[in-house]
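Chemist: Residue numbers (numbering that gives the first Met the number 0), protein chains in the order written: chain A, 0 to 410; chain B, 0 to 410.
A few of these clues could be false.
Stated by the list, open to error - Partner residues are not named here, just some residues of chain B that face chain A (Cβ under 7 Å, in silico):
#, residue
1, 91
2, 92
3, 189
4, 190
5, 191
6, 192
7, 193
8, 346
9, 396
As the list claims (entries may be wrong) - Mimicking DSSO-like on lysine-lysine, the simulated pairs with C-alpha atoms at most 27 Å apart in a straight line are:
#, chain 1, residue 1, chain 2, residue 2
10, B, 375, B, 18
11, B, 167, B, 93
12, A, 65, A, 1
13, A, 105, B, 344
14, B, 18, B, 201
15, A, 366, A, 402
16, B, 167, B, 344
17, B, 402, B, 167
18, B, 18, A, 95
19, A, 344, B, 93
20, B, 114, B, 53
21, B, 93, B, 53
22, A, 366, A, 240
23, A, 366, A, 167
24, B, 201, B, 240
25, A, 344, B, 95
26, A, 1, A, 344
27, B, 201, A, 95
28, A, 167, A, 402
29, B, 344, A, 344
30, B, 375, A, 344
31, B, 95, A, 402
32, A, 375, A, 402
33, A, 344, A, 65
34, A, 375, A, 93
35, A, 93, B, 344
Unchecked claim - Here chain A is said to cover these stretches of chain B; the calculated rule only asks that three of the stretch's residues, wherever they fall, bring their Cβ under 8 Å from a Cβ of chain A:
#, segment
36, 98-104
37, 219-231
38, 254-262
39, 322-332
Don't read these hints as lab results, they were simulated from the structure.
Yeah, the Cβ is synthetic: ideal placement off N, Cα and C, and Gly gets one too.
There are 2 protein chains.
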Amino acid sequence: MKTLVRNIAQLGGIQSHNKALRGEAMADFPVLPQAWLVLENGCIHAWGQETDPKGLPQADMVLDAKGATVLPAWCDSHTHLVFAGSRENEMVDKIKGLDYAAIAAKGGGILSTAKAIAQTSENDLYAQAMARIERLVQMGTGAFEIKSGYGLDLENELKMLRVIRRLKESLPIPIRSSFLGAHSYPLAFRQNHEGYLQLIEKEMLPAIVAEGLADYVDVFCETGFFSLAETKRICVAAQEKGLGVKLHANQLSAMGAVELGVALGAISVDHLETMDAASINALANADTIGTLLPGAAFFLRQSQPPARELLQAGAALALASDFNPGSCPTGNMNLVLALACIQAKLLPAEALNAATLNGAFAMGLQKEVGSIAVGKKANLIFTSPIPSLDYLAYAFGDCWVNKVMVNGQFI
Amino acid sequence: MKTLVRNIAQLGGIQSHNKALRGEAMADFPVLPQAWLVLENGCIHAWGQETDPKGLPQADMVLDAKGATVLPAWCDSHTHLVFAGSRENEMVDKIKGLDYAAIAAKGGGILSTAKAIAQTSENDLYAQAMARIERLVQMGTGAFEIKSGYGLDLENELKMLRVIRRLKESLPIPIRSSFLGAHSYPLAFRQNHEGYLQLIEKEMLPAIVAEGLADYVDVFCETGFFSLAETKRICVAAQEKGLGVKLHANQLSAMGAVELGVALGAISVDHLETMDAASINALANADTIGTLLPGAAFFLRQSQPPARELLQAGAALALASDFNPGSCPTGNMNLVLALACIQAKLLPAEALNAATLNGAFAMGLQKEVGSIAVGKKANLIFTSPIPSLDYLAYAFGDCWVNKVMVNGQFI
């Protein structure tokens, strides 16, 4: 069953690569004007130009894209979208001048969401996460990574990861799962880090691996959270059990987290708001992908990562939402794209590559999604008519995604 | 014909005032939980609580709000939404490091849009603006001010203002029109300011007033654009012909524009990114409304206006989009609300008042729209279920507007 999609004003993201795009190459987001696309069995089969004198290919069905721009659906490689509750009260407290410590003293922060998670059933968490994903797929996201990390004990970390597994099983789009038990020390272990590290190593990791619940381990490597040594210990234990590594690195301080991630062979190091020469240099010379989360820096009123310096140094960058109730209460990748350009000064083409193919690489899904390539899933965005691809980042308050295709079917 | 709207989780913005809200009073956005609302002839007639033992009022028709939060539609008191073309190329040039002068030398800036306006027919301008407005009404805006200012000659300023008049006549929502011939000196008059000022005074203003095309005059009072003396001369000439005054003030420099606006009795002074003690003091002690345009400061990577200082001093603030193709290519007031809180540090309640009732005051529409008050138009936002009104600004990447009512009818 072949479907011909014709009358595509611009077909964007036509590319195949064995490694993530990096440095100067990120400024090239290949676009074919006046294009057609053939889909077969939910996958991309062929493409060409309507102006080609050979004419259009044969197909069983023809779809008229009506002048849409078509591009790969967003690959959001960093989310915490399984959560309960909302934390707009903390936003108000911060505007009133309360600092992080005062908000924590009122019961806010990660531990506030952890409390809400503990009080919410697996079924309810699943339903809430599913509703979020359905909204986001309509806004153009076609693959997600989702983290645990609001459980912070065996029972609730497993609950979160089982929710993610159910999402994997029931959704037609690829989902990757990361175990983030090392998101914050729970109150009971604030003075007993060794106790929590042993809980992770001896109880959580074995149970998670036995159930096959995680693709990656992730650690919030930061002053006041998990030290370099603690981070390394957790990552090595997880790697020995076959998990890949992601890190929350250099969000608040340049304390060596990026360098550690690179040394561990992490698939990605995420955040990067606070970089120094050593961390930029480490990332520039590694296969590890640097994942920017401009929505979080925006919402927290932080400086954005030094994206231009990272690209000039030759790093590979991905773009993700960081959707979570504390520091980025949205998963709208269209706005993330705009924030990356307006605040972090990525060129629109760089941001498009970062949010599609490099996002796919940052969760090991580059063979399935992230570009227009033969055999990849037809997870595609169809826009309303727009004058150029740059327009998507420029018209920052609007969602120009008109229709979204998953496995060759409009949803 | 009375319509009862019941099952409203929160009815927000219930208030009547003779003057715009100012200073501390802006932090109170009155909300009634578990409410009902009666509409009559497209206007607000009565409201109350479902828990009231007297029971619900009689009505000819009952609508179930299904737990929506209901609030006055946004009043967007500063837009340039009649335009042609888009300027994403300038966004890319700026990321690449080009400055304002280099972009202007390439034909960019206001004059680029002026060129596009000159090449576009009145009918096409009307159709494009109408499409923008229809999108924005669905996103919750129920009243607009629209400026000319990309014409910069008699023919094209009249063309823009006639487009705005046609929008006024054909739309069911209130529209106010501002003549912004003094937006920039056109190339032909760069060395002959006197010539352009005379063109405005002797040709444009008389023709505009003869056709009744404008409610306000507006001037871009700024170094390199219109000086204090030039601004005053244009405003006085317009006032003598019965127009009200608005100003683009203190966007790039504190050169006295706010003080001039206050002295002229302007209804609003807009932008305010660059304020000093004198301009803050002038605004704090005047009826003139200070209109913040956080989308423009965000897109231009400027500092936001000192909103907290202005409120502490006692000023009245409105919030508007500044929708235009150069410095704010969106009219999404939901995102403007979030930007006002995240970047300019307004409290959500202050931003809600600024975007509704004070927005209405800033275009002289306070008797028609901007709050839940007897006799005002039922131009209302119905949200999806949300936990609180603060949530609207917190969930910054999402549009929680589910349905919009204009004159008592869902559109």
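Chemist: Are there at least three residues in the segment 98-104 of chain B whose beta carbon sits under 8 Å from a beta carbon of chain A?
Modeler: violated (count 0)
Chemist: Please count how many residues of the segment 219-231 of chain B have a CB within 8 Å of a CB from chain A and say whether that reaches 3.
Modeler: The restraint on the segment 219-231 of chain B is violated, since only 0 of its residues have a Cβ under 8 Å from chain A and three are required.
Chemist: Keeping to a limit of 27 Å between CA atoms, is the pair of residue 375 of chain B and residue 344 of chain A held or broken?
Modeler: Status violated; Cα separation ~45 Å.
Chemist: Does residue 240 of chain B lie within 27 Å of residue 201 of chain B when you go C-alpha to C-alpha?
Modeler: Judged against 27 Å, a Cα distance of about 12 Å means the pair holds.
Chemist: Holds or violated: is there a CB of chain A closer than 7 Å to the CB of residue 91 of chain B?
Modeler: Interface hint status for residue 91 of chain B: holds (6 Å vs cutoff 7 Å).
Chemist: Are the Cα positions of residue 65 of chain A and residue 1 of chain A separated by 27 Å at most?
Modeler: 19 Å, holds
Chemist: Holds or violated: residue 344 of chain B and residue 344 of chain A, Cα atoms, limit 27 Å.
Modeler: 23 Å, holds
Chemist: Measure nothing beyond the straight line between the CA atoms of residue 93 of chain A and residue 344 of chain B; if it is 27 Å or shorter, mark the hint as holding.
Modeler: 9 Å, holds
Chemist: Need the status of pair residue 1 of chain A, residue 344 of chain A: alpha-carbon distance at most 27 Å?
Modeler: Not satisfied, since the Cα-Cα distance of roughly 41 Å exceeds 27 Å.
Chemist: Residue 396 of chain B was flagged as interface toward chain A. Is the shortest Cβ-Cβ separation under 7 Å?
Modeler: 3 Å, holds
Chemist: Given the proposed pairing of residue 344 of chain A with residue 95 of chain B, does the C-alpha separation stay at or below 27 Å?
Modeler: 9 Å, holds
Chemist: Take the C-alpha atoms of residue 114 of chain B and residue 53 of chain B, compute the straight-line distance between them, and say whether it is at most 27 Å.
Modeler: 63 Å, violated
The structure is inconsistent with the numbered hints 2, 3, 4, 5, 6, 7, 11, 14, 16, 20, 21, 26, 27, 30, 31, 33, 34, 36, 37, 38, although it conforms to all the rest.
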